[in-house]
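Asker: So you can see what is in the structure, the chains are spelled out below.
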Amino acid sequence: GENVEQHPSTLSVQEGDSAVIKCTYSDSASNYFPWYKQELGKRPQLIIDIRSNVGEKKDQRIAVTLNKTAKHFSLHITETQPEDSAVYFCAALSGGSNYKLTFGKGTLLTVNP
Amino acid sequence: EAEVAQSPRYKITEKSQAVAFWCDPISGHATLYWYRQILGQGPELLVQFQDESVVDDSQLPKDRFSAERLKGVDSTLKIQPAELGDSAMYLCASSLVRISTDTQYFGPGTRLTVL
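Going down the list, the protein sequences come from chains V and G. In this text, residue positions in the first sequence follow this note's numbering: the first is 1, and each later residue adds one. In this text, residue positions in the second sequence follow this note's numbering: the first is 1, and each later residue adds one.
If you are wondering where the hints come from, they were derived from the structure by calculation, not from laboratory data. The reader is advised that the hints may include incorrect statements.
The list that follows gives simulated cross-link-like pairs (lysine-lysine, DSSO-like), each with its CA atoms no further than 30 Å apart [to be verified]:
(1) G/Lys71 - V/Lys42
(2) G/Lys15 - V/Lys105
(3) G/Lys15 - V/Lys42
(4) V/Lys105 - G/Lys11
(5) G/Lys11 - G/Lys71
Computed footprint of chain V on chain G, listed as stretches where at least three residues anywhere in the stretch have a Cβ under 8 Å from a Cβ of chain V [what the hints assert, rightly or not]:
(6) 42-53
(7) 104-113
Beta carbons are placed, not taken as given, at the ideal position from N, Cα and C, and that holds for glycine.
Could you build all of it, start to finish, from the sequences and the hints given here?
Answerer: Following this line, the structure appears as structure tokens:
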């Protein structure tokens, strides 16, 4: 089955700096890669996603890049703000008929004012 | 904005007892998922429904866990008997249709503590 590795497990940045979280996946047939943000005690919420036919996608301060050849994708947050502090999860959707979403272990991002 | 609802939000039980969790997906969503999230890890899929049918329960410990979605709307996840290792957050999610890139929307979860 699919295996998703996520790094780093914790990340601390100063307000205004950029943050980058990286993930690798194992199943070359995976074709959909969402990123979820989970604040303490709250539900995971989708912040951005990318499909396998696209190399990069941007939404305001958030961008995701995908390298299918290397089987890795990354989340980039620019001009970080204290409200960006949360746990971020990457995920990969297995190909074929299974449609199973496999998550990474998460990255705790702390943005210091 | 419609959201996935779950209850209870918190559940404390003793080992060997039975527990049940309820999920109400976003109206009209055909696919429903139950995930288990152990502290410090990402959600792990337990079972997936398409309408009232189970399409994937390969990671569901079937000797003690059961799930149903009788009318293809809300769903119940049951654990009997509960074990200490079952302590985790149980998340429900739903998506409109079962296509490869359909967004999954999560509920707030049920935090289970087994003593």
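Asker: With reference to the structure, classify each hint as holding or not holding.
Answerer: We went through each hint and held it up to the structure:
no.	hint	verdict
1	G/Lys71 - V/Lys42	28 Å, holds
2	G/Lys15 - V/Lys105	27 Å, holds
3	G/Lys15 - V/Lys42	26 Å, holds
4	V/Lys105 - G/Lys11	24 Å, holds
5	G/Lys11 - G/Lys71	25 Å, holds
6	42-53	holds (count 5)
7	104-113	holds (count 6)
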